[in-house]
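Using the sequences provided together with the hints, build the complete structure.
Just so you know, the protein sequences line up as chains U and Z, in that order.
Just so you know, my numbering puts 382 at position 264 of the first sequence, and the rest follows in order with no gaps.
Just so you know, my numbering puts 1114 at position 665 of the second sequence, and the rest follows in order with no gaps.
The hints are simulated quantities; they were obtained by calculation from the structure and are not laboratory data.
Mixed in with the good hints there might be a few duds.
[To be verified] In silico BS3-like links for lysine-lysine, alpha-carbon gap of 25 angstroms or less:
#1 Lys1132/Z with Lys1009/Z
#2 Lys1155/Z with Lys1283/Z
#3 Lys582/Z with Lys458/Z
#4 Lys924/Z with Lys120/U
#5 Lys241/U with Lys387/U
#6 Lys1281/Z with Lys1103/Z
#7 Lys406/U with Lys452/Z
#8 Lys454/Z with Lys406/U
#9 Lys389/U with Lys241/U
#10 Lys924/Z with Lys1103/Z
#11 Lys438/U with Lys452/Z
#12 Lys924/Z with Lys1009/Z
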Amino acid sequence: MKALLALEDGTAFTGESIGASGTTSGEVVFNTSMTGYQEILSDPSYAGQIVAMTYPLIGNTGVNGEDLESGQAQPEGFIIKELSAVASNWRSSQSLGDWLAQCEVVGIQGIDTRQLTRILRLKGALKGMISTEVLDPRALAARAQASPSLVGQDMVRLVTCSQPKVLDPPAGVRERFRVAALDCGTKRNIFRMLTQMGCRVEVFPASTSAGEILKQDPDGLFLSNGPGDPEAVPYVVETVRDLIPKMPVFGICLGHQILGLALGGKTYKLKFGHHGGNHPVLDVAAGKVEITTQNHGFAVDVPSIPGDQVEQTHVNLYDKTVEGMRHKTLPVFSVQYHPEASPGPHDAHHLFRRFLEFMEKRPRKTDA
Amino acid sequence: MPKRKDIHKILIIGSGPIIIGQACEFDYSGTQACKALREEGYEVVLVNSNPATIMTDPEFAHRTYIEPITPDFVEAVIARERPQALLPTLGGQTGLNVAIQLADRGVLAKYNVEMIGADAQAIRRAEDRHLFKETMASIGLDLPRSEVACSLEDAKRIAQELGFPVVVRPAFTLGGTGGGIAYNLEELSEIAERGLGLSMVGEALIEESIYGWKEYELEVMRDRNDNVVIICSIENFDPMGIHTGDSITVAPAQTLTDREYQAMRDAAIRVIRAIGVETGGSNIQFAVNPETGRRVVIEMNPRVSRSSALASKATGFPIAKIAAKLAVGYTLDELPNDITRETPACFEPVLDYCVVKIPRWAFEKFPAADPTLTVQMKSVGEVMAIGRTFKEALQKAVRSLEIGRFGWGADGKDAVMTREQIVEKLRIPNSERLFALRAALVAGISAEEIQRLTKIDPWFLEQLQQILQVEQEIKSAPLSLSGVSADLLRRAKQNGFSDRQLAHLWSTTEANVRQLRKQAGIFPSYKLVDTCAAEFEAYTPYFYSTYDPEDESRPSKRRKIMILGGGPNRIGQGIEFDYCCVHAAFAFKEIGYDSIMVNSNPETVSTDYDTSDRLYFEPLTLEDVLNIVEREKPDGVIVQFGGQTPLNLALALKAAGVPIIGTLPEAIDRAEDRKKFAALLEKLNLRQPPNGTSTAVEEAVAIAQKLGYPVLLRPSYVLGGRAMEIVYDEHGLRDYMARAVAASPDKPILVDKFLEDAIEVDVDVISDGKTAVVGGILEHVEEAGVHSGDAAMVMPPHTLSSEVMDEIRRASHRLSAELGVVGLMNIQFAVKGKTVYVLEVNPRASRTVPFVSKMIGVPLAKLAAKVMVGQTLRELGFTQEIIPPYIAVKESVFPFARFFGVDIILGPEMKSTGEVMGIDSAFGPAFAKSQIGAYQQLPTQGTAFVSVKDKDKRLVAPVVRKLIQLGFSIVATPGTAEFLRREGLSVEEIHKIHEGRPHVLDLIRDDKIDLIINSPSGKVTKGDESLIRSLAVANGIPCITTMPGAQASVSGIEVLKRGNLSVLSLQEWHQKLRQSVKVT
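Below, the structure is given as structure tokens:
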């Protein structure tokens, strides 16, 4: 079946439909990871976006039950050069095409994804639409232009959990800490890593108040990744602001941006964002570089945080943007990238240990 | 960390002659390293015996020693130069082995030389099977179960414990030499015995077979701040059991999930840290069980490798250059990525295309060799192709191979095979398996069955199936007057189909398809290789073609010349031609032209993105070249530097209106077409051996009778002496005609009178169209009849009279003027007595150009390039032949050790893979160096076995006399012994093989022979002799098969016996040259 991709600037690409038929809209972003399409497709941070993979051959290993980062497909649409007809991997249970259809993801293949990437690089992330129904390029581009922007939209409410839940360490792992996690669209591997390291994770919906969380008396607060504009979730920022002085805090991606806002700073939108698994990040203190997974369209303006409270701990060597910060007096830190990887390199796994160390050192009630 | 200030002078060891397993890739890496270190202000000292390399050009290092790469010679260089550091990781296995030997001998300690990049400990941990295993176990990585055997008994015991099949891997050998898979005790004995013998340390690993597992490689880089990045992942199309150098490989890895890929990445990082490669690149190989996902480490190369060259070209990341900078102390984050400029080299490249590498084999040169692919590498070269899909890249790679194919089948050249033949070709890996896969799919053999037979991953098989589907669609849409569906045509092109394939499928001409394609508006687009999948702007114009809409090539408006490269390395077409192409690019840079390079060989310097102004990594076919020409509209195209590959396109390109510069294609044709050539010589009053052209067997017999035997037979238009043979009688002639070629009016057979015992001479000439200058005259050591690519050569000639030399010069000038040569020309003469015959004229760059250039200190190829755009030799200051006051010998290197059972006798069919140069002030030492450089270690004492044909007996007597004077004892077969005794020489007689034991094979096996002089008895090569020579090669005993070779060897031995061969850098030789020129 024929499918059409149109961007708000009027560019259109004709291709072939993959996944579900229909019409979809979102902010078009490109991801440069060569592996991990399954994790990307199930990452809640992509809510509201259409993901274009720069690597042309996608779906080669199919889909399996273990590598999903959430219970469903998250992006609004999927753009690739070529979908594999077969799934070749011993863990594979389904072909990617079937899974996309099952998850009702409208996708398109057979287009010049490099051309698309170059457009996005030069013009920045653009709104776009994929359709198997509207095949007139001008009409679809007009609709793309009219579609809502991601800026200012609360996407978190769409992906946060509806009820609190508790995740215990797996059998054989001693419980060492109790972590409260504000779920803005958490990737499963974050919780997997925390629990494997001995954390009992209490997962709270993003709208949970500070008081609710304090009632549980956790050892630390974890701020998850998630989709969209951090300024669109002032309620989360408020909760975090109240909790900062009370316990160790670790934020990832959207959690990092929320922390920045909670500390009184500003965030801004990047031109085309960072989406990929090869970004070099310098750990300033250690003087060492980690190859990281990135997936964000917004960033923290660290100098805007008042009172010289924080120091920048990590810097992206590609464009010198802030990749991490730490509070100068409180056990509070965050990174813009994804130490949980999945997909991507494991170089930054150790950051979870840092969070545990902070919780270890935290003055306990019993100590007082 | 900034660069180190405590070292100033760094020694780099090259990889020596091109051999199987070590090709141009180490010129590429060494050249990058030399450039990188010079750029940083270090003084670079280089040792490399291979004169055909760019790295040994005098401007790449401060001191360039073209000397044998042995511990003795390198020690002499160290003693003379006193470098503070040695960078051992850029010269392949050869460089690494010599570095380790120097460390073991205490040379490095004695002269206080520090190994940078990887130290001796790290190299040992990676190379020594035992230590490697221990190290891997210590970091918890899984390995195939295995044990080290030090003896055959050991090997047998271990194999029985592990269960067959087992893999035998000798320690410290190159490219898996001597390894193999043994399915039973008998095979084990054979393989293990050979492997143990070839191992530098007499050890071999006997290992659980993981044949059929998925095979992967990761290219890893580390800096001294312990930052580690993966540059490229490579997946083998051919599963475990076939040497990676013989496997079709694909980048990036295709059939791993992120979880599996990242676990492999973690493992690779642990490996490089545990092995302790402090800085630089390493190649780590893994195998994955396709059913369970169990992953094992196979091996680690603690150095830049063939795969690193491939990874560099596949990603755009210059591994060798960065490795050199890391070795002197920089960290990855301090170095910029040249391609994006703004981002650092500390990152992991991402691809938005698929890369396919296919090996190029040369079994056609060695019909007696076993063509089965195993863990021992047999290919001589490779091609790489880039496409937006695997299918596109695969088809482009196939048509880059220079095997007369225009894609993956569907080009009218598919062999008809029975189902049994197909199954056999699938089951036993061989060089034609890719085409057997096609035959299997066409024959309806299921993908499951194919997978069972080949263990090739289903994803790859599905891709092949898809190509076939498109082919079906093309076939079922016959060409009509209204043309063809643009959609279908575009799809065909996106799936990699060449116009030639489409022409075949539609039963029309390539030109017609091209026309239709243009009418339909379907043109290739050129996309950038940029390391970052377009995330950042790229500044290096490195392109590949595809059929996606957007073109990024933006041709410049500057004056520009396009250089057509040589394609894959194969026998007869090697690094020498790449050397010339690179020089052309350098020349144009100097005089303000943009250079555009087109080539498909990932091993080369020419395909380095900073060699030319613009690089097109593309097949060298008419279609692909015309496409680039149409896009770039160059002011000129050079076809005479890339060897036969671009020459074959010359006439068609000219006909298509391409502005070919330099010697006209018609002149090239005039020299190659035998009839036109004969007329040319006649016109110039030059002599040619009597000859005739025949189109049928009886005609050939008649011609031969008229000329008198022996005669030299060959098809017209040959490369590297392909199918060329000397026959001694009618029987041989008929046999050749029946076997070698089907003669026909359009493919005639040339019959030449063979000049026995003539001396062959090679001359390289450069001309600007008005002035011609002889670059060099080289005298062959072996008599005429040995292919010029195989013969040892001496420059300047040492036995020719000045009259003969003058006649050669006169003839050269006349030929150059008559053909209107603009650029380079190579002429082969034969001198018999005082008569000079012209054997062959090639108005193009020749294999000897780099050697001659190094001898005379003048870059002939560079001058030739400048001449082609109108500069004169006078302007360039080269108007007089230079005769150096020193002597150099060019010796060839052969792959016989890889092809057990293949006779090593040299003939008109070229068989060598590479060359070395021995340079000194006299013939003896120069020859001795050339032999040592070619790993033909001449003995200085011991026993020589002599068995020569009757004709040679008179000539061998003085050689034997000399050997006895030098202290050798002589063993000879009865006929030779009797002759020598009559000459008053003391000789021990030994049985011929069929006369009973003990015979010579026993002596060889018992290590009682140190030198063999054995000339073939003419006519039919006797089985006995062939066996002797094969066994000699397998046991590393020098085996000399010609009398001139024997005479030269004795002078070499004499020199060695005196000892004290000294070393001198090329720059110092050239200093002597300038002084001598001033004096005269």
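Here is what the structure says about each hint:
At roughly 37 angstroms between alpha-carbon atoms, Lys1132/Z and Lys1009/Z are farther apart than 25 angstroms, so this suggested pair is violated. Restraint check: the Cα-Cα separation between Lys1155/Z and Lys1283/Z comes to about 24 angstroms, which is no more than 25 angstroms; the hinted pair holds. Between Lys582/Z and Lys458/Z the CA atoms are separated by roughly 35 angstroms; this puts the pair beyond 25 angstroms, and the hint is violated. Among the hinted pairs, Lys924/Z with Lys120/U is consistent with the structure: their alpha-carbon atoms are about 24 angstroms apart, no more than 25 angstroms.
A C-alpha spacing of about 13 angstroms is found between Lys241/U and Lys387/U, which places the hinted pair at or below 25 angstroms, so the restraint holds. Under the criterion of a C-alpha separation no larger than 25 angstroms, the hint pairing Lys1281/Z with Lys1103/Z is inconsistent with the structure, at around 39 angstroms. For the hint linking Lys406/U to Lys452/Z, the alpha-carbon distance of about 17 angstroms falls within 25 angstroms, and the restraint holds. A C-alpha spacing of about 22 angstroms is found between Lys454/Z and Lys406/U, which places the hinted pair at or below 25 angstroms, so the restraint holds.
For the hint linking Lys389/U to Lys241/U, the alpha-carbon distance of about 8 angstroms falls within 25 angstroms, and the restraint holds. For the suggested pair Lys924/Z and Lys1103/Z, the alpha carbons sit about 31 angstroms apart, so the restraint of at most 25 angstroms is broken. Distance check on the hinted pair: Lys438/U and Lys452/Z sit about 23 angstroms apart at the alpha-carbon level, within 25 angstroms; holds. With a C-alpha separation of about 40 angstroms, the suggested pairing of Lys924/Z with Lys1009/Z is violated against the 25 angstroms cut-off.
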